[in-house]
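Engineer: Protein chains in written order, with our numbering: chain H, 1 to 341; chain S, 1 to 477; chain D, 1 to 322; chain V, 1 to 337.
If you are wondering where the hints come from, they were derived from the structure by calculation, not from laboratory data.
Straight-line C-alpha distance at most 27 Å; calculated DSS-like pairs for lysine-lysine:
id: 1; chain 1: H; residue 1: Lys-163; chain 2: V; residue 2: Lys-136
id: 2; chain 1: H; residue 1: Lys-124; chain 2: H; residue 2: Lys-113
id: 3; chain 1: H; residue 1: Lys-334; chain 2: D; residue 2: Lys-144
id: 4; chain 1: H; residue 1: Lys-339; chain 2: H; residue 2: Lys-292
id: 5; chain 1: H; residue 1: Lys-164; chain 2: V; residue 2: Lys-136
Label-pair ranges, simulated between beta-carbon atoms:
id: 6; chain 1: V; residue 1: Thr-84; chain 2: S; residue 2: His-91; range: 45 to 53 Å
id: 7; chain 1: S; residue 1: Arg-64; chain 2: D; residue 2: Val-186; range: 56 to 64 Å
id: 8; chain 1: V; residue 1: Thr-84; chain 2: H; residue 2: Gly-294; range: 50 to 58 Å
Beta carbons: idealized from backbone N, C-alpha and C, even for Gly.
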Amino acid sequence: ACSTGENSPKESKGKIKIALSNSFIGNGWRVEMENVFKAACAMPPYKDQVDCSVFNAGNDVATQTRQISNLIAQGVDGIVINAASTSGLNGVVQQACDRGIVVVSFDNTVDAKCGLTVNTDQVKFGEQLAQFVVDQLKGQGNVVMVTGVAGTGADNDRNAGAKKVFDANPGIKVVATYSGMWDSATAQRQTAAQLPSLPKVDGVWVSGGTDGVIKAFIEANRPVPVTGGEAENGFRKYLAGVSTPKVNGMSIGQPPFLSVISLELARAVIKGEHPKTSVTIPFPMVTSETVKVGETVFPDLPDSFFADFTDSGPDATVVLCQEAATDGTPCPGKTLAVKLG
Amino acid sequence: MTDQTAVHAEGVDRSFGGVRALRDASFSARPGEIHALAGENGAGKSTMIKVLCGLVRPDKGTVRVTGRLATAFQELSLLPDLTVAENLLLHDPPRGRFGLVARRRLVPVAGRILSDHGIHDLDPAAVTRDLSVAHRQVVELVRVLATRPEVLVLDEPTAALQEQQVAWLAAHMRRLREEGCCVVFTSHRWREIEALADRVTVFRNGTHVTTRSRLTESEAVTLMSGRTLEATYPPLAPPQDTVALEARVGEVDITVRRGEIVGIGGLAGQGQRELFLRLFGIGRQQVTVGGVRTTIRRPKDAIRAGIGIAYVPEDRKAEGLLLPMSVRDNLALATLERRSVAGFVRRAAERAAVQGVVDRLAVRAASTAHPVGTLSGGNQQKVLMGRWLLSGAEVLLLFDVTRGVDAATKHDFYVLVAGLAAQGRAVLLYSSETEEIAHLCHRVLVMREGRVAATLDGPVGDAERIVAAAMKEHQHV
Amino acid sequence: MNLEAVLRKAAPQRRIWYAFAAAATILVAGAVIHPGFGSWPSLRTMLVLASFIGFVGAGQMLVVLVGGIDLSMPWVLNGAAIVLTTSSLGQSGRLPLAVLLALGTGAAVGLCNGLGVAWLGVPAVVMTLGMNGVLQGLSLGLSKGLTCASCASYAPEPLRRLVVGRVWGVPSQLLLWAGVALLVTVLLTFTTFGRRVYAVGNNPRAAFLAGVGVRPVTVALYVLSGVFAALAGVTLVAYGGQPSLGLGDPYLFESIAAVVVGGVSILGGRGHYAGVVAGSVTLVAIVTLLQAERVPEYGRNVIYGLVILAILFTYGRERADD
Amino acid sequence: MSELRAATLGYAVLAATAAAYLAVYTTSLGHLPTPFDYLSLLNTSLPLVFVAIGQSLVVLTGGIDLSVGGMVGLGVAIVAAGSTGSAAVTAGWMLAAVAAGAACGAVNGVVVARGRIAPILTTLATLSVYSGLALKVLPVPGGEISPAVRSVLTDPDLPTGLIWLGAAVAGWLVLRRTRFGMRVYAVGSDEAAARASGVPTVRVKVGVYSLSGLCSGLAAVFYVSTTTSGDPNAGDPFILTSIAAVVVGGIAFAGGRGSALGAVAGAFALTLVIDVLFFAGIDPLYQSLFQGLFLVVAVLLGSLLRWRRSGSPPRLRRSGGLLRLRRSGGPLRWRRS
Ligand SMILES: Nc1ncnc2c1ncn2[C@@H]1O[C@H](COP(=O)(O)OP(=O)(O)OP(=O)(O)O)[C@@H](O)[C@H]1O
Ligand SMILES: Nc1ncnc2c1ncn2[C@@H]1O[C@H](COP(=O)(O)OP(=O)(O)OP(=O)(O)O)[C@@H](O)[C@H]1O
Ligand SMILES: [Mg+2]
Ligand SMILES: [Mg+2]
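In isolation and in its complexed conformation, chain H is listed as follows (with noise of 0.2 Å):
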């Protein structure tokens, strides 16, 4: 389960051995998330400081403990976590700390108080996507908000963000609130089946499928509303016109490139070039305005790929290129720059 093949003691002469163990490879975010992890393994100064492999569980916590132990078994320096519970993986994660090895998790992470943490503030996700629709709508019309998958930090983080706004302002009429399992398909499908009992929709919050929340609409010959929504590329092929209607809306991605960052921040810290502290990164984030066609937005890629693989703009946390999320290779001839903010 290494992508970059070896994880037999002898060939790494001085390379330290970090292991991304992620929960699972259920959808396309964490394949991609994946992919630029093993591109970033690939590019230096990864490819000749660190030794890195990938493994996945079958979003299992039995399977990802049995993992993260056969990781300590096998001596690594560092490992990268995606957990399949925020909770379930305490008790091995510290078996790890004990062993001095350094523990990075993020999008879903460890609560274990000895790991370090990468990543962005799901409630501040709920609130700035709550705020544009507010704002969009001056405050007044019928908003519809569409969570994630139930019993997770992240959906109670983001909705709870996002009814702070949205209570905040009492123009607003939050009119239907509805799980779309953070899968585009569900998404359009619960979306289809609530609108025709739903009064005039003037904005939509969404935690994830944005894309499917908006197909739904035109389907259903509705005008598609303010849009507040996560990164698929769907949902921003619709902000940018690449797919008709244009979108009035914004998106914000949980970038797949935390695994990047994690992956630097062990690095760092292993080699004593960062305190032992966890990392909280700003969301890259666009909307109908700031949205560029081969930037942050991609025609001839899936709607369900994440098209925040890489940060943009000058201070960019990390500048990726589309085949490191696509296939995992190295962008050609770059060394790769991450900023630990």
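With the hints as your guide, set chains S, D and V with the ligands onto chain H.
Structural biologist: Frame of chain H, contents of chains S, D and V with the ligands only:
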């Protein structure tokens, strides 16, 4: 006499859906007697017994049992996946430390129980599923005997037993009688009833006919069937010379000519069923059907082989009919593609064909669309026969087809079978009622332990000869 | 088994009516509770969503009729969806080929399932569960987790029109569903094959002794099950435009639920597709209503389960010794 | 049928996977597994072991329990939501979780036995109900248990887990040696015959499902103990893995044949497979493919074993069944599976 009865049932009614198994039936037996319950198949014996031991709740009537009661049912109630020992000791297994079941002692204890009851040729560690029917029956009997009952009820205990096992059972029944227990049993073998029973109760169509201490067989038969058997058998036409079926199954050579009815005699469980199933393609088998030599691997092959083979099983509910499906579906099942175009059933043709058979066999059904399960036993059996009449099979394997069929329908059957033979069909017939074989067959092969023990030219006429042949060098009861 | 049971079994038609009654009850209740729920647009969309369950339900029912079960649906569905887009590359010209490939994939998996169950005697639960894993592995691996170049392509336009388009105001997807319903019903009620299916389902032993090829029939049913799962995948990808990983996940339990809510006996031998149609609608209606009423996730699960239990109690009971 | 014989398949598969594990482990790391490996293997397997034991009891009666997922989830939620730093409180809530599991199981049992609703349907419905309750009790992952409890149940550095594994196995062996244990097999072997020979089938079934629930409760306890906190969705993976463990353990879906010890072995085998794939360096994307194959192959292996025992290939055994089972008609067992 009812002052001191061990079991007493009065005015019991019980019906299963349409079938009235018992109507105002009464029965009583005393301590210290062996009491036979006689009656045709379907007379209601088993139902009465189930009522007596409370397994079946009567719709109406009273039941009283005094003393510890143990019953061996007709359908074996052994558990196939458990060992003999586990079956014997299911209810009070040997206890070891902390009152836990001492599994290691199961086998020895069971072994002792078996030998206490005079059984030595049976491995208590064997898985019941793998035992012969006779041995399973023995285990079942030992299980009830071991409970030291005051009232012992046995439903057709000997049906599957070999002669020396029958003797063994008889001894135990007598011992219990001496000990003052009440022993009730049912049987279709008059010899046993005569030899064992102090009193006989006769049932017919679910009602009590009589209870007597003296009763000759012919009287009994008259009472059971409501008429004398002899008269009910039709005359047989002479068979033709052309051979219809020829096969060697294990150690048995079978040759049946057109128009010939060959009876397979012998006690139950002597390999007759295996013989029939092999001829019908369960397992690989070489057969010559209507001069065509073929290997049949599955029933489909047998049905298609040469002039066609048909098998009517005794257990129609498990192996013959699709109870919830309509009479029509059941009749048509084996010959669907004959009345179909491009896989579509030609309903009109089917209805016509089915109606033809229904009329010919006088199947009594409200409509051919009714589930066959709602028909009476006799009519269910007719439907099963009808299926093969539709298939036009020329070789008929009839395995105990008159089980649970009332006397009148039985008679229709005899006529039908004789008629089919007269039209040149070849019939291989097994029946648990030796009388049928004695009167209905041109030739009788008597089987014992999977081999042909004797061949009698028929119609044999008197069943005693067959029985005698069936148990040569076995001592009589 | 005794005659009461026989009689109870004898009236599958009655169970169909129960199933429709259940669906009607939910719909009416919804229309009363939630304004707009009963409107034609709302019903129309619910029917379209039900049709997807209807397709997997058709496959599931066929195997359940012979006492089997197909747990490989989720990834057969998903795999077929991926095959469709990747092989069609969004070009109408390649559509026929692509559809054939997708359905063929389903058929192939069904064949494996059938052979494993009927000939190797592997319990259906295990065989289909295993195949589900196999297919998941292949789908993920071969499509590089859906990041492959061709994975970007959409379902060809004609197909999408077929699913989301309208004919005289009726979504053509519904016409497709009607077609499937007709097909399955005809297959089961008017053909010799159908007769054999019910025979095997009611009593394989007796069917076998009446010359029915128990095993061929079983295999054929699993193949059909695979094809219908694939069909669901094809239409779903047309509906959403592109496949996503986990597209099929919701459809395992829903297919089983639809079958039993539709009055099909899980022990086999009894049931008609009409019931499954009603069952699919019932399920969609329940979920839609609960979502519309903003019942929190936990409440949705609890109520969903209880409703199904209630339905089972009214007409899903088996004889204890069946 | 002796325990050893009943569990042959499970042991065989476990032995095979263990061998494979040692092979790939040593080749990739150059040394044999360390105590740490065995210990973490043991601790991570414990929850599945318990669920598998419960599941095998149900399957032995010819049923199936899909609701284990919900019951484990609910148990985990209860413990995690209730626990505070104090060991006593945690222990208390753990007992509550086990009790809740047993109660849920009892409900399943009553619905199946009294309500005469097929087990797979009953538990499919209750699965949804119990999972919902879990979400209600613990809306988001979290909670924390006192380290004291952890060091008693699944100490990461001491093999305390062995004690509980031993207890579980002992528990089964005891159960097997009670009259109830024998009756479980009786009911699974032929329910009608069992009833006729005086086995209280309803009570046996209710008992079996309750025990399954109880085991799920225990599994929840050990889950929380190994992970030190809770997740309402924790139960979901156990539905299919427990069935897989039972199957790999060589328990017949028809019921009446097999041993929970086989399922225990199966549970460990399934956990080991993960490690094998890990050290064999299988591309993560293809993992489920191998797990699927593993399941099917293991079962085929099982039918081969039974074939060698019964002396005839499965196909003939089928038709052989026609010859064998004289009066016992009724629906064929394999229709259930
Ligand atoms: N469980 C049942 N369901 C339906 N019909 C039944 C059932 N049990 C008995 N019957 C019917 O009731 C009638 C009497 O059956 P019963 O078994 O008591 O007869 P019997 O005298 O025992 O026959 P045999 O001598 O063959 O054992 C028969 O017509 C039988 O078909
Ligand atoms: N050779 C065969 N080819 C095709 N189908 C068969 C064959 N033999 C049996 N069958 C079908 O499979 C069914 C199962 O066979 P069998 O009677 O052995 O059931 P069983 O005894 O419950 O099986 P088991 O021996 O596993 O318990 C048979 O009733 C018959 O319908
Ligand atoms: Mg009887
Ligand atoms: Mg069997």
